[in-house]
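Chains as they are written, first to last, in my numbering: chain A, 36 to 355; chain B, 36 to 355.
It is possible that some hints are incorrect.
Below are the DSS-like pairs computed for lysine-lysine, each with C-alpha atoms no more than 30 angstroms apart in a straight line [as the list claims (entries may be wrong)]:
| hint | chain 1 | residue 1 | chain 2 | residue 2 |
| --- | --- | --- | --- | --- |
| 1 | B | K237 | B | K331 |
| 2 | B | K331 | A | K90 |
| 3 | A | K331 | B | K90 |
In silico negatives: residues of chain B with every beta carbon more than 12 angstroms from chain A [unchecked claim]:
| hint | residue |
| --- | --- |
| 4 | R91 |
| 5 | G102 |
| 6 | R110 |
| 7 | G142 |
| 8 | Q145 |
| 9 | A158 |
| 10 | A171 |
| 11 | A189 |
| 12 | E192 |
| 13 | A207 |
| 14 | P294 |
| 15 | L297 |
| 16 | T314 |
| 17 | N321 |
Simulated from the structure, these hints should not be mistaken for laboratory data.
Please read all numbers here as calculations on a predicted model, not as lab measurements.
Heads up, the beta-carbon is just placed ideally off N, CA and C, and yes, glycines get one too.
Protein chains: 2
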Amino acid sequence: MAVYTDVSDDDLETFLEGYDVGELLSFKGIAEGVENTNFMVITSRGTYILTLYEKRVKAEDLPFFIGLMEHLAMRGVACPTPIRARDGSALRTLCGRPAALTSFLTGVWQRRILPPHCQGVGAALATMHKAGADFALSRANALSLTGWRALYDATQERADEVQPGLAAELGAELRALETSWPSGLPSGVIHADLFPDNVFFKRDRLSGLIDFYFACNDFFAYDLAICLNAWCFEPDSSFNVTKARLMISAYRRERPLSPAELAALPVLARGSALRFLLTRLYDWLNQVDGALVRPKDPLEYVRKLRFHRGVGDITAYGIK
Amino acid sequence: MAVYTDVSDDDLETFLEGYDVGELLSFKGIAEGVENTNFMVITSRGTYILTLYEKRVKAEDLPFFIGLMEHLAMRGVACPTPIRARDGSALRTLCGRPAALTSFLTGVWQRRILPPHCQGVGAALATMHKAGADFALSRANALSLTGWRALYDATQERADEVQPGLAAELGAELRALETSWPSGLPSGVIHADLFPDNVFFKRDRLSGLIDFYFACNDFFAYDLAICLNAWCFEPDSSFNVTKARLMISAYRRERPLSPAELAALPVLARGSALRFLLTRLYDWLNQVDGALVRPKDPLEYVRKLRFHRGVGDITAYGIK
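Build out the structure end to end from the sequences listed, making use of the hints.
What follows is the structure in structure tokens.
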């Protein structure tokens, strides 16, 4: 929740001259998004989002992210569409940072998740997976098994500061997942971070997906497992099986899940819970004094992890 | 630069149902403004600013601020126009805070001030002063002499931490102003905080004034003195007499300044410099750990104060 880079009106006007977007009428820093600097830019032609990529996003990954959004948008996925400048480039520079202008998506993200939202997310996720199938670029998932091991090594010494016994629990979980992690499941481009603040709705109808800056190539079913964790738990940490059933069923109507994918869901959900637990734990233990962003509670994902560890089979998710 | 209160989509939709503004399409927290929480709200009817008043703004002052904006807007001043709800009220409640919806002003604020901007500000300030003349409510200026004395008392013990000798300099200045402060100058509603980030331009043409939350009743010429300090110094602290001349001349074309007002300008400019120096000093010495807002440098206003103290008469401002 922060603007990291201040852009002057002069700099912005010079930047926009490179585009065929009309005359600048207004721009405002948006107090959302923790990785990048975002501005809402209103011109005589319409409304846009201007993103300046701060150092947490690697410059070499940007062609993948920008190209993916363009690819998905061309295939009808409601997501920010990169605007190409007059010189044909969609990725340029502003205030010394890589910068991109994209279309503005209307809709609001849901703070209170209802079952129909989960249904919409399941369908949109499957549609995105299909639309990304013929995307030419690929990007490895840096936050899969190897990345978890690295995060574990970086946090295990101090993990018990957050909860006694946490280091041992995470170590055991990591070893279990390293043994049981599936291979050979259907793969492709996944969003990998489809949390409620990255999905817009108008009334209760899904109107778009944003923030593709964790997108990568991995199992499709792992993306669904991320969404189960992000959308189907109640604030009191109880698992809402109705939401899960609606989400998975809606996904399957767009893209059928193989028996192997279904069988792997519990372990994928454990892996997904561990992934967000570890990054949150890392951020929690490495808080920067005076930082603008308050780290998220890692313990929320301890509870989610334990739930999935106790799951016998996919009937726990309301499906057969 | 912070959103202080998070508003859920449900809360916002319920709130907007009280207005005739169409259907909610989007809302984003704006990373500007340090006193209140601001959102840009886009509906099927248009774009609006939603402001939630945080505790730094006194609730009992809100009818003055909201009423003033409505009064000025009705008289053609380009400023945010409060939108009245279906029940006729322009000030309502959201998330436990007083809240108002206003029209959205296009334009961008200038990071690099050029002489024509100062000319525009002078004219707009005089127009605002005339338009506010028949506004029925009034509000005392809490940040005039009495307020400065209180701020001085609260900061003098530690002022030398910021610059050796500062406490003595401020004490002497305050005593001098208490003796020489004028009385009986033409008065009315002043903006009292017309800094560059509160003035919007399209190209180089002034398109609107915002942020009336320091507005109060005081000498019109004091408001002009605030603008001299806010707009006519260069980043290296040198005083740009061309900017000052353009600003004051443009003001006088809209609202003539009496000989007494002109003669008082140097002392009013000293007072204005002291006012911002003291509030910045107070904020500097009372920084909250982990606060989202970085306090502004008080020493900038020490330099401005010294400039005006060395001014013989108004020829130093490029006028006669």
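Status of the hints after comparison with the structure:
1. K237/B to K331/B: Between K237/B and K331/B the Cα gap is close to 27 angstroms, so the pair holds against 30 angstroms.
2. K331/B to K90/A: Status holds; Cα separation ~26 angstroms.
3. K331/A to K90/B: Answer holds: K331/A to K90/B is near 26 angstroms, not above 30 angstroms.
4. R91: holds (17 angstroms)
5. G102: Given a closest Cβ separation of 26 angstroms, the condition holds.
6. R110: Correct as stated: the minimum Cβ-Cβ distance to chain A is 23 angstroms, above 12 angstroms.
7. G142: violated (6 angstroms)
8. Q145: violated (6 angstroms)
9. A158: Non-interface label stands for A158/B: nearest chain A Cβ at 20 angstroms, farther than 12 angstroms.
10. A171: holds (32 angstroms)
11. A189: holds (24 angstroms)
12. E192: Non-interface label stands for E192/B: nearest chain A Cβ at 25 angstroms, farther than 12 angstroms.
13. A207: Consistent with the label, A207/B stays out of reach of chain A, its closest Cβ about 35 angstroms off (over 12 angstroms).
14. P294: holds (38 angstroms)
15. L297: holds (33 angstroms)
16. T314: holds (21 angstroms)
17. N321: The claim holds: N321/B sits with its nearest Cβ about 15 angstroms from chain A, beyond 12 angstroms.
Of the numbered hints listed earlier, those contradicted by the structure are 7 and 8.
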